[in-house]
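Peer 1: Chain order of the listed sequences is A and B. Here this note's numbering runs 1 ahead of the position in the first sequence, where the first position is 1. Here this note's numbering runs 11 ahead of the position in the second sequence, where the first position is 1.
Derived by calculation from the structure, the hints in this document are not laboratory data. Please note that the accuracy of each hint is not assured.
To be verified - Going by beta-carbon spacing under 7 angstroms, a handful of chain B positions derived as facing chain A:
id	residue
1	111
2	116
3	249
4	287
Claimed, not checked - Simulated restraints on C-beta separations:
id	chain 1	residue 1	chain 2	residue 2	range
5	A	161	B	247	23 to 29 angstroms
6	A	205	B	104	43 to 49 angstroms
7	B	236	A	16	40 to 46 angstroms
8	A	283	B	192	43 to 49 angstroms
9	B	126	A	155	45 to 51 angstroms
10	B	186	A	17	17 to 23 angstroms
11	B	79	A	58	47 to 53 angstroms
12	B	126	A	193	39 to 45 angstroms
13	A	106	B	250	33 to 39 angstroms
14	A	70	B	277	44 to 50 angstroms
15	B	277	A	104	50 to 56 angstroms
16	A	58	B	127	29 to 35 angstroms
The structure presented is a predicted model; accordingly, all values stated were derived computationally and were not measured. In this text, a Cβ means the ideal position worked out from N, Cα and C, and glycines have one as well.
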Amino acid sequence: MANPTTDRRMQVYGALLLLPAAVLLGTFAYLPIVATLINSLFLPGFRDAPTEFVGLENYALLLEDSTFWQVARNNLFYALGTIPTSIAIALGMALFVNGRLPGRGLVRMAYFTPTVLPMIAAANIWMFFYAPQIGLFNHLLGAIGISGPNWLGDPTVALTSVIVMTVWKEAGFFMIFYLAALQSIPPELEEAASLEGTGRWSYFWRVTFPLLMPTTLFVLINALINAVRVVDHLFILTKGGPNNATNLLLYYVYENAFSFFDRTYAATITVVILLVLAVVATIKFRVLDPRTHYQ
Amino acid sequence: MTAPTAAAASRRFAARLPRLETLAAWLLAIVWIFPLLYAVWAAFHPSEFMVRFDLLAPLTLANFLDAWEQAPFARYYLNTFLLVTGIVAGQFVVCTLAGFAFARFPIPGKDFLFMLVLLQLFVFPEVLIVENYRIASALGLVDTITGIGLPYVASAFGIFLLRQTFKTIPRELEDAARIEGCGWMAVLLKVYVPLAKPTYLAYGLVSISHHWNNFLWPLVVTNSVESRPLTVGLGIFSAPETGVNWATISAATLLSIAPLLVAFLLFQRQFVQSFLRAGIR
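Sequences and hints are given; from them, build the entire structure.
Peer 2: Next up, the structure:
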C-alpha cells in the first residue's frame, strides 16, 4: 500500500477533486473577507478619483457614529430579546408534543410551519397585524376600547414588535432539535424518578434540562448566527426605522453600501459583524466541542 | 440522535399530559398557526372583510387574479425554479467531489483546509454582500440567475455532511469495486453516491427550502424581472409604498409560499427529518 507513486497520484487526484470547491470558496468567501478588511482602510474614490488609503480613519468614524452605536445596541437587544425567548418556547413546544397529547401531529405541524415560510412572507403577514389604524391588533384592541400603540411606528415599541415576529418564525425550528433530544432520553429514567416520588417539575430541572444541555448550546449557536445574519423582515416591516430604532448591523451595511453608496464604510461595519461571528465560531470550536475533532 | 427504538419506546411510555398542559399546548398551537390562517382568510375574501370575521363572507379568487396581473409571478416562479434547481445540482456535484476528497484522499494540510471550509458555516455569502456584489459585477454576473446561485454552490455545510457520510462507508466495499477494475470516479458513482442517498435527500430538502426563501443576496444582485426570484418579487410588490391593497398582498404572499408549503404539508416527516439530520453537526 505504501507505494510512493500511488501516494503521490492520490494526492494529485484529491487536490483535483477539491479544486471546484476551492475556486468557488476562494471567490465568494475568502477573497471577499480579505477585500472587506482591506477596503475598511480606504475612503471611496468619488467619480473617477482613485480610492484613498486612510488607515484606521473609518474605524475612528465608526466609533464616533452615534447611529452605529444605536444599531449595535439594537442588535444586542434584538439578540437578547429573541434568543432566550425562542429557546424557552421551543423547549416548551418540544415537551408538549413529546407527551401524549390528543392531536399531536396537528399541534407539531402548527409549531413547525412558520419555519418553512420565507422571512419576507412572514413579515407581510405580520404587517397586517401591526399596521397602525387598520391592523388587526389595533382593530381588536379598539373593539374593547383600548387604543393600541403604533406597533412599528413608535420607536419605543418597534424593536419589540420585530422581536416578537422573529420568535414566532424561529421557535418551531429549534423545537425539532429538542424533540429529537427528548426522544433519545431513556424512558426508564422517568419511570425510576416517578417510583421514587420525584415531581415532574424537579425531574425536569434535575434530569431533563441537564441532559438537553448539548442541544441548548447547539441551538444557541444557531440563534446567535441568525441574530446577525437575517434582516430580511426589516425590508418589509420598518426599513430600520423609525429613526433607526429597529436598524440592525447587516441592514446598516446594506444601507451604507446600496443607499448611501459608501462601500468602504459598509466594509468597516462588515468587519464588526465578522468579529462577532469570529467570537461565535471560537465559542463553538474551542469551548463547546473541543473534543470533537471532525474525524 | 433519533434512534428509532428509543423514540418508539419513549412514545409508548410518554406520560399523558395533565389537562391544563394539553390546553396550553393547543392554545399555543392556535396562536402559532393563526398568522398563516389569517393570511388565507384575507386572500380568499374581498378586502372589506380583512378585519371582519363573518363566516358567511363571500369567497373570492379575485385577489389572486389581481396579484397575478399586477406582477409577473409566472416569471418569478420560473426564476426561482431555475435558481433552486441550479443551486442544488451544483451543490451536489461540487460538494460530492470535495466531500469525497476530504473523506478518502491523503491531501497535505487536510485538517487545516477542512477548518477553512468550515469557516463558511459562520460567514455566509449574504454577510459579505458589499464585496460579493463587486466580485459578481467583475465577473459579469450581476442580474443573472447564475449570479444569485454561484456563491452558494460550494457549501461548507454540504461538504461537511457528505464527508461525514462517506467516512462511515466501509472501505471493503470500495476495495471490492476496485478489484473489479473500477477507477476512482466509478468507485465514487457506484459505491459512495448510492449509499449516501439519505444524506442527499436531507441536504437537498434543506437546501431547496433555504434557497426558495432566501432574500437579501438575491435582492442585492438582481435588478430586473428577468432574474428576480419570488421572494424579491414579493418584497418589491408588497413594499408599503407601492400602495397595493392588503387582500392582494395576502394573495401574492400565498402564491409565493404555496409550492413549498404544500410540499411541506405532504412530506412533513421527510422535511422534519431532513432539518434534523442536516442540523446535527
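Peer 1: State for each hint whether it applies.
Peer 2: Status of each hint after checking the structure:
no.	hint	result
1	111	holds (6 angstroms)
2	116	holds (3 angstroms)
3	249	holds (5 angstroms)
4	287	holds (5 angstroms)
5	A/161 / B/247: 23 to 29 angstroms	holds (27 angstroms)
6	A/205 / B/104: 43 to 49 angstroms	holds (47 angstroms)
7	B/236 / A/16: 40 to 46 angstroms	holds (42 angstroms)
8	A/283 / B/192: 43 to 49 angstroms	holds (48 angstroms)
9	B/126 / A/155: 45 to 51 angstroms	holds (46 angstroms)
10	B/186 / A/17: 17 to 23 angstroms	holds (22 angstroms)
11	B/79 / A/58: 47 to 53 angstroms	holds (51 angstroms)
12	B/126 / A/193: 39 to 45 angstroms	holds (42 angstroms)
13	A/106 / B/250: 33 to 39 angstroms	holds (37 angstroms)
14	A/70 / B/277: 44 to 50 angstroms	holds (48 angstroms)
15	B/277 / A/104: 50 to 56 angstroms	violated (19 angstroms)
16	A/58 / B/127: 29 to 35 angstroms	holds (31 angstroms)
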